[in-house]
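A.B. asks: Here the protein sequences line up with chains A and B, keeping their order. With positions in the first sequence counted from 1, the corresponding number in my numbering is that position plus 743. With positions in the second sequence counted from 1, the corresponding number in my numbering is that position plus 3.
Simulated from the structure, these hints should not be mistaken for lab results. Heads up, a few of these hints could be off.
As the list claims (entries may be wrong) - Derived DSS-like pairs: lysine-lysine, alpha-carbon spacing no greater than 30 angstroms straight-line:
| no. | chain 1 | residue 1 | chain 2 | residue 2 |
| --- | --- | --- | --- | --- |
| 1 | A | K748 | B | K157 |
| 2 | B | K157 | B | K84 |
| 3 | A | K748 | B | K6 |
| 4 | A | K953 | A | K988 |
All values derive from a computational prediction rather than experimental measurement.
Take a look at the letters that make up each chain.
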Amino acid sequence: MIPGKFEYFAPTSVSEAIGLLGQYGSEAKILAGGQSLIPAMRFRLAQPEILVDINRIQGLEYVRETDDYLEIGALTRESAIEKSTIVQQRYPMLADTARVIADPLVRNMATIGGNLAHADPANDHPATILAYNARIVAEGPGGERIIPVDDFFIGIFETSLERDEILKEILIPSPPGGSGGAYLKIERKVGDYAVVGVAVQLTMEDGLFKSIRIGLTNVSSTPMRARAAEALLVGQTPEEALFDKAGRVAAAECEPWADLRGSEEYKRDLVRVVTKRAIRKAIERANGVL
Amino acid sequence: MKKTVKLTVNGTTYERDVEPRTLLVHFLRDELGLTGTHIGCDTSQCGACTVSVNGQSLKSCTAFAVQLQGAEVMTIEGLAKEGELHPIQQGFWEMHGLQCGYCTPGMIMQSVQLLDRNPNPTEEEIRRGIEGNLCRCTGYQNIVKSIQWAAQHKNQGQTEIPEASAPKVDPQPIAPVP
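Isolated chain A (complex conformation):
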């Protein structure tokens, strides 16, 4: 299948790209890794008139840790995140996520920025980034701004990025001592979207949950947090009965729909079970088990 016609630009700087987005407005679409966009174009589900290929812009592919954040350039490929030693050692939930996205070939091209900006609730990074309480750095004609992740996803395939803004960087706060996280995904087969995915990032203090954030994949039209389940856990002692309750609450607050991956009831039950498992695994990691 051949995509519809479009005009192609390959800017070499962020400002040039922003200029093109400003000039062409809603006709323009950014091409990053292209692993969601190009299939959509082949099916003619997407028919942008202008493609702004940002792969020629230098300096947007990196993973580095500063005092406060893990900084990830928007064009960083999933394969680079998967292989990063810092990610594997210090941000295991992010490593969990990168390694279950599509397949190794797709991960060579696919970017974390594209995964987030596409805002597909079936994508894996949104849940993880919500659980990490990350910040999104965007640049537009007026300069840079930082968007808290809770304000980033506003609808299906919709983010709070303006038409002439580019997602440049993802900032993940460095986890304090006693923190752990895990992302668990149930998929029918390799390369498929999640039936259900659960991301849990937590911090323990004096044997209690000091903080916990839970992100869910593909069980709502907008990437979501399981806020009621989080609220149930904070300040409590970790114990099996509580995890069970948190799983039930998360299953009740998500909004899955029936499709080829299962019925609504099935998906809710998976959320219940996988939430428990992810909490257990995150606690293990907080206790130093990788």
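Chain A is fixed; fit chain B onto it per the hints.
C.D. replies: Only chain B this time, still in chain A's reference frame:
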């Protein structure tokens, strides 16, 4: 409006005017006549169109040719040198790693990257490494054996494949896929 794209494929530099919507796989097959790269699913799933770009494997149905300005592309046609099969090609020959052969060019190109990155992969690492390539004939058993054969012979720096290592019938029952 057509764009000029200049890139190197299997050591030869080509310059062509193409529509931006031309996918790399169509460029290779229709513009350059390199039909060893197959179109399988056309939905970015099967990996039959796998090629190497600047040393990284990708699905050539999921990239536009214009994106590859200046790139070094290697297709299945570029693997054999002076009439001698690449160790991975030889491995597929020795271990009967194909039946219909449709997935084979992509499977081999992905295996090249796999062994470049990890010269001594475990069986699990091989299976994980070819997750993006689908085969509907073999059940993957002999593909895994082919890659293992290649890893073994590549590491020995062996260029000549001795006649004695012709295919052997494995008397072991096939283990269930984990």
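A.B. asks: Work down the list of hints and note, for each, if the structure agrees.
C.D. replies: Verification of the hints:
1. A/K748 to B/K157: Distance ~45 angstroms between A/K748 and B/K157 Cα, so the pair is violated.
2. B/K157 to B/K84: With a Cα-Cα distance of about 14 angstroms, the restraint between B/K157 and B/K84 holds, given a limit of 30 angstroms.
3. A/K748 to B/K6: 13 angstroms, holds
4. A/K953 to A/K988: Judged against 30 angstroms, a Cα distance of about 18 angstroms means the pair holds.
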